[in-house]
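Trainee: We have chain A; now place chains B and C onto it with these hints.
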Amino acid sequence: MNRSLSGLLPGRSSQPGKRVLPGFALSLGISLFFISVVLILPITGLVVHTAGMGWDQYLAVITDERVVASYKVTLWTAALASVINALVGLLLAWVLVRYEFPGKRIMDALVDLPFALPTAVAGITLAALFAQDGWYGQFFSLLGIKVSFTPLGIIVAMSFTSLPFVVRTVQPVLEDQAPEDEEAAVSLGASDWTVFRRILFPAIWPALLTGFGLCFCRSLGEFGAVIFIAGNMPYVSEITSLMIFVRLQEFDHAAASAIASVVLMASLVLLLLINLWQARYLRRLHGR
Amino acid sequence: MSISIEGITKNFGSFQALKNISLEIPDGQLVGLLGPSGSGKTTLLRIIAGLESADEGRILFHGEDVTRLHVRERRVGFVFQHYALFRHMTVAQNVAFGLDVLPSRERPPAAEIHKRVQMLLEMVQLGHLADRYPAQLSGGQKQRIALARALSMKPQILLLDEPFGALDAKVRKDLRRWLRTLHEEFHFTSVFVTHDQEEALELSDQVAVMSAGKIEQVDTPQKLYAQPSSRFVFDFLGQVNVFRGERSDSTLRQGDAWVRLPDAAGATSLQLYMRSHEVRLQTTPAAHAHLPLRIESVSLVGAEVRLELSPVGWASDEPWEVGITHAQFNTWQPQRGDQCFAVPQVAHLIEVDAHTPHTLRWEAGEMDDPAAMI
Amino acid sequence: MQQRRTMRAGDQPLVKWTLIGLAIITTLLMLVIPLVLIFDMAFSAGVGNYWDNLSNQYTRHAIGLTLLVAALTVPINLVFGVFLAWLVTRFEFPGRKVLITLIDIPFAVSPVVAGLLYLLLYGSNGWIGSWLTENDVQLMFSWPGIVMVTVFVTCPFVARELIPLMQQQGGEEEEAGVVLGANGWQLFRRITLPNIQWALLYGVVLTNARAVGEFGAVSVVSGNIRGETNTLSLHVELLYQDYNVVGAFAAASLLAGIALITIVVKSFVEWRQARQRAPLDELSDGR
Chain A
1 MNRSLSGLLP
11 GRSSQPGKRV
21 LPGFALSLGI
31 SLFFISVVLI
41 LPITGLVVHT
51 AGMGWDQYLA
61 VITDERVVAS
71 YKVTLWTAAL
81 ASVINALVGL
91 LLAWVLVRYE
101 FPGKRIMDAL
111 VDLPFALPTA
121 VAGITLAALF
131 AQDGWYGQFF
141 SLLGIKVSFT
151 PLGIIVAMSF
161 TSLPFVVRTV
171 QPVLEDQAPE
181 DEEAAVSLGA
191 SDWTVFRRIL
201 FPAIWPALLT
211 GFGLCFCRSL
221 GEFGAVIFIA
231 GNMPYVSEIT
241 SLMIFVRLQE
251 FDHAAASAIA
261 SVVLMASLVL
271 LLLINLWQAR
281 YLRRLHGR
Chain B
289 MSISIEGITK
299 NFGSFQALKN
309 ISLEIPDGQL
319 VGLLGPSGSG
329 KTTLLRIIAG
339 LESADEGRIL
349 FHGEDVTRLH
359 VRERRVGFVF
369 QHYALFRHMT
379 VAQNVAFGLD
389 VLPSRERPPA
399 AEIHKRVQML
409 LEMVQLGHLA
419 DRYPAQLSGG
429 QKQRIALARA
439 LSMKPQILLL
449 DEPFGALDAK
459 VRKDLRRWLR
469 TLHEEFHFTS
479 VFVTHDQEEA
489 LELSDQVAVM
499 SAGKIEQVDT
509 PQKLYAQPSS
519 RFVFDFLGQV
529 NVFRGERSDS
539 TLRQGDAWVR
549 LPDAAGATSL
559 QLYMRSHEVR
569 LQTTPAAHAH
579 LPLRIESVSL
589 VGAEVRLELS
599 PVGWASDEPW
609 EVGITHAQFN
619 TWQPQRGDQC
629 FAVPQVAHLI
639 EVDAHTPHTL
649 RWEAGEMDDP
659 AAMI
Chain C
663 MQQRRTMRAG
673 DQPLVKWTLI
683 GLAIITTLLM
693 LVIPLVLIFD
703 MAFSAGVGNY
713 WDNLSNQYTR
723 HAIGLTLLVA
733 ALTVPINLVF
743 GVFLAWLVTR
753 FEFPGRKVLI
763 TLIDIPFAVS
773 PVVAGLLYLL
783 LYGSNGWIGS
793 WLTENDVQLM
803 FSWPGIVMVT
813 VFVTCPFVAR
823 ELIPLMQQQG
833 GEEEEAGVVL
843 GANGWQLFRR
853 ITLPNIQWAL
863 LYGVVLTNAR
873 AVGEFGAVSV
883 VSGNIRGETN
893 TLSLHVELLY
903 QDYNVVGAFA
913 AASLLAGIAL
923 ITIVVKSFVE
933 WRQARQRAPL
943 DELSDGR
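Protein chains in written order, with the working numbering: chain A, 1 to 288; chain B, 289 to 662; chain C, 663 to 949.
Hints in this document: simulated from the structure, not taken from any laboratory. A hint or two may mislead.
[Stated by the list, open to error] So, partial list: chain A residues that the calculated Cβ filter (under 8 Å) puts toward chain C:
{"hint": "1", "residue": "95"}
{"hint": "2", "residue": "99"}
{"hint": "3", "residue": "119"}
{"hint": "4", "residue": "196"}
{"hint": "5", "residue": "198"}
{"hint": "6", "residue": "201"}
{"hint": "7", "residue": "202"}
{"hint": "8", "residue": "220"}
{"hint": "9", "residue": "271"}
{"hint": "10", "residue": "273"}
[Claimed, not checked] Below, simulated SDA-like cross-link-like pairs (lysine to any residue); rule was C-alpha separation at most 20 Å, straight line:
{"hint": "11", "chain 1": "C", "residue 1": "678", "chain 2": "A", "residue 2": "56"}
{"hint": "12", "chain 1": "C", "residue 1": "678", "chain 2": "A", "residue 2": "90"}
{"hint": "13", "chain 1": "C", "residue 1": "678", "chain 2": "A", "residue 2": "29"}
{"hint": "14", "chain 1": "A", "residue 1": "104", "chain 2": "C", "residue 2": "922"}
{"hint": "15", "chain 1": "A", "residue 1": "72", "chain 2": "C", "residue 2": "726"}
{"hint": "16", "chain 1": "A", "residue 1": "104", "chain 2": "C", "residue 2": "673"}
{"hint": "17", "chain 1": "C", "residue 1": "678", "chain 2": "A", "residue 2": "105"}
{"hint": "18", "chain 1": "C", "residue 1": "759", "chain 2": "A", "residue 2": "271"}
{"hint": "19", "chain 1": "A", "residue 1": "146", "chain 2": "C", "residue 2": "673"}
{"hint": "20", "chain 1": "A", "residue 1": "146", "chain 2": "C", "residue 2": "679"}
{"hint": "21", "chain 1": "C", "residue 1": "759", "chain 2": "A", "residue 2": "29"}
{"hint": "22", "chain 1": "C", "residue 1": "678", "chain 2": "A", "residue 2": "271"}
{"hint": "23", "chain 1": "C", "residue 1": "678", "chain 2": "A", "residue 2": "179"}
{"hint": "24", "chain 1": "A", "residue 1": "104", "chain 2": "C", "residue 2": "759"}
{"hint": "25", "chain 1": "C", "residue 1": "678", "chain 2": "A", "residue 2": "99"}
[Stated by the list, open to error] Have a look at the derived ranges for each label pair, beta carbon to beta carbon:
{"hint": "26", "chain 1": "C", "residue 1": "847", "chain 2": "B", "residue 2": "406", "range": "24 to 32 Å"}
{"hint": "27", "chain 1": "B", "residue 1": "325", "chain 2": "A", "residue 2": "47", "range": "45 to 53 Å"}
{"hint": "28", "chain 1": "A", "residue 1": "47", "chain 2": "C", "residue 2": "754", "range": "28 to 36 Å"}
{"hint": "29", "chain 1": "C", "residue 1": "937", "chain 2": "A", "residue 2": "142", "range": "46 to 54 Å"}
Backbone N, C-alpha and C fix where the C-beta goes; we use that ideal spot for every residue, glycine too.
In isolation and in its complexed conformation, chain A is listed as follows (with noise of 0.2 Å):
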């Protein structure tokens, strides 16, 4: 029966040049170039100009105390923001996948809004919503906490823009869970809490934690939705992503070239870890 698959499988051949679907040439010419002209070409450009800026200038740069503060208040924010997520995350999926209730189906689509819509968009609507006198603001400031010109409100937008994330990991997960393992469980006596606790948590725990690196990792460069409503005060709440478009503004390009390499290189080393514990747990490769 394993020989049988091959039919499932890609046309295979070991002689390239004899394979049995047309248009490999085709299609690999067309990847190449443009992987090659649109992604690559572009990061060797990068690499060119930071190697040659010399050491020591390229150290004083990124660790400069500016820009140091910069990574700390993007890596927390974006830390935190993620595991809000995770769990207002991991509330809708399960509210989607397991229960009916009218609106749901609008529930479902909003869901995808904050990856459809404009981080500009989503930037000023925060900014509006959250400023002291803004419909959420007001509240928060009877409280006396201020949310926008803070690292409060940067959290706010990286929740808000990385949402969908979660949700769409964990779903298909969540929905492929065999009802009879549950029904077992539950009829030997077990709780509702050990029930999750033991057999749903563990099946889905790898999908909540790919969905809390996409969410980190989308946070971390996030951009328009942060700066309307930060303040972007050094120090205190200006993100990385704004304090290399500073440098470039002060036409200080072997800067902004240095702090863009620093991010370039974290966000790859996210990617792949993020890929490569997919491809370990994960069955299905993107969860919607």
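Mentor: What follows is chains B and C alone, placed relative to chain A:
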């Protein structure tokens, strides 16, 4: 159109799927490639079709070397194991596909294509389903459509990959009959792959039994069954009763059981293979064999009564199975727990480490006690 | 119907409706109300004012530029996405997995970094850029640069939609087509395309939405010249920074409208795919 397979070798990485396979398939024959999974039979079929290419060897259609020819040019009909029907086309569009994609100078006019499709659908008796989609069909219906589609291009060679594997027994039987009928009518050369020995033996003009990338035996079903040339074929085809023992003088012994052999020379560790119809049961032992058995179950299935027996005073890896006629059953009335003796009339002797069996026969006159016969 | 459903964790009404309630509140707070705000603010000075804002010449230019960018980006990425998906799902070759990972790069990279990459390469100081300047070609700080950077940022979407689907569908139907004599184009048009059409549609719609809404990368390469190199997203920022809040939200409302259309299309696509998938699952049970 005859098919010649010469010296085909195929590796997938370090795994050798086919080892120097050669096979001749005469024009108009229905040949079954039979073997367990991993034996390479599907790979061989796909190489004949051109869906895989071999590392070494040649494939010839009617004497013409097609090894380098792309599958599209080979003009074979191929029926996939999971049908591979085009899910977004109706049944009629599926069957018409091969004709629709012909280059314009070769393509018949639309009306003729329509006629041909109708004819093919009638042939598989599914004309009324022409406008359905594959998802709306049952497994057996999908298989027939896949067949009709494969035949739409009037191929001279039809290749089928485990065509009936996923269907229930009744549907399988019907489809087998179909295939045989079609084959008689259209005289194409067919090769099909299966792991079901009953199917292979019933359908084929010739069966090639494959194991681990090699062909063990190629023969007509009758010869294959009656004269298996190797232990593997024996084990694979049909049920077999085995008596394992040590030879001393001319007697093969194990525990309380023994069988007299024609000569004393040769290896000492031997196995005696007997098919269920090559053994008779008696209430007393014969002169040339003493094989006591106890009846474990009696099964009145179909044309004969099958008895399952366990050895008494000796051991076998699997229980023995012997068939008796209903007439004999009525006379004897065997019950669970009854004891009897097996008397082989034909048996196949194999050395424990060898592969080639040696057939032994005993004359009817060697039975001592006719009255003891059942 | 509820009687027959067996009890799974969280099925008791109390737990269930609490969770649903929480989810609905969260959705309202995080997703619905922000949407409402956009339109509320946009129309806060009256409908007439809204139309004036939209028909302002700079806004019109921004809309036009944005449409141009989308009109160029979407077809390019569509073609690329289809070829890449065909390549990695229908053939085996060394480096296949690497390609699949590479395509995720724009997904992981910050848009500002993306913009910077292009600026460095094609700007007047870059190694290609200096050559371009010598030949009087300017890509950065004008619309070609915006298109290029948008192509970078949106290139994964079509491929990411197609690849899992085409992998799941497997190449057997195409193989059957080849045996019956079809050539490459016939295979694609008659067999592959109908099987992927909904995913393709969604990929296109998503690419479009992201192309229209790209902000960070475009900020870097556009030069922000009002009436010349401002896309609609940049224009929103411009208006906001000019304290023309209503105008900013008016422009934003257009973008929000596109986002809404996008999620409606996605819903539709998923509904169609669910309808297709149900009988397909029966097919695969034939094993």
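Trainee: Against each hint, give a clear statement of whether it holds in the structure.
Mentor: Outcome of the hint check:
The closest approach between the C-beta of residue 95/A and any C-beta of chain C is roughly 4 Å, which is under the 8 Å cut-off, so the hint is satisfied. About 6 Å separates the beta-carbon of residue 99/A from the nearest beta-carbon of chain C, less than 8 Å, and the hint is met. Evaluation of the residue 119/A hint against chain C yields a held restraint, the C-beta minimum of about 5 Å falling below 8 Å. Hint status for residue 196/A: holds, given a least beta-carbon distance of 5 Å to chain C, under 8 Å.
Annotation: residue 198/A was flagged as interfacial toward chain C, and the flag is violated, the nearest CB pair being 10 Å apart, outside 8 Å. Given the 8 Å rule on beta carbons, the hint for residue 201/A is violated: about 10 Å separates it from the nearest Cβ of chain C. Given the 8 Å rule on beta carbons, the hint for residue 202/A is violated: about 13 Å separates it from the nearest Cβ of chain C. The closest approach between the C-beta of residue 220/A and any C-beta of chain C is roughly 7 Å, which is under the 8 Å cut-off, so the hint is satisfied.
At its closest, the beta carbon of residue 271/A sits 4 Å from a beta carbon of chain C; the interface hint therefore holds under the 8 Å criterion. Given hint, residue 273/A at the interface with chain C, is violated; its Cβ is 10 Å from that chain's nearest Cβ, farther than 8 Å. Straight-line distance between C-alpha atoms of residue 678/C and residue 56/A comes to about 60 Å, which puts the hinted pair past the 20 Å bound. Distance hint between residue 678/C and residue 90/A is fulfilled; the C-alpha atoms sit about 14 Å from each other, no more than 20 Å.
Restraint check for residue 678/C and residue 29/A: the C-alpha separation of about 53 Å exceeds 20 Å, so the hint is violated. Between the alpha carbons of residue 104/A and residue 922/C the distance comes to roughly 16 Å, so the proposed pair stays at or under 20 Å and holds. Annotation: proposed proximity of residue 72/A to residue 726/C is violated, straight-line Cα distance about 40 Å (limit 20 Å). Of the supplied pair hints, the one linking residue 104/A and residue 673/C holds, its CA atoms being roughly 17 Å apart against a limit of 20 Å.
A hinted pair counts as satisfied when its Cα atoms are at most 20 Å apart, and residue 678/C with residue 105/A qualifies at roughly 17 Å. A threshold of 20 Å between alpha carbons decides the hint, and for residue 759/C with residue 271/A the separation of about 14 Å falls inside it, so the pair holds. Pair hint residue 146/A plus residue 673/C does not hold up; C-alpha atoms about 39 Å apart against a cutoff of 20 Å. Among the hinted pairs, residue 146/A with residue 679/C is inconsistent with the structure: their alpha-carbon atoms are about 33 Å apart, more than 20 Å.
Note on residue 759/C and residue 29/A: the hinted pairing holds, with a Cα-Cα distance of about 16 Å set against a maximum of 20 Å. With a CA separation close to 36 Å, the supplied pair residue 678/C and residue 271/A exceeds the 20 Å bound. Note on residue 678/C and residue 179/A: the hinted pairing holds, with a Cα-Cα distance of about 17 Å set against a maximum of 20 Å. Taking the CA atoms of residue 104/A and residue 759/C, the gap is about 37 Å. The hint is violated against a cut of 20 Å.
For the given pair, residue 678/C sits about 8 Å from residue 99/A by alpha-carbon distance, which is consistent with the 20 Å threshold. Remark: the range hint 24 to 32 Å for residue 847/C to residue 406/B is upheld by a beta-carbon distance near 28 Å. A hinted range of 45 to 53 Å holds for the C-beta pair residue 325/B and residue 47/A, which are about 50 Å apart. Separated by about 31 Å at the C-beta atoms, residue 47/A and residue 754/C satisfy the suggested range of 28 to 36 Å.
Checked against the hint of 46 to 54 Å, the pair residue 937/C and residue 142/A passes, with Cβ atoms roughly 50 Å apart.
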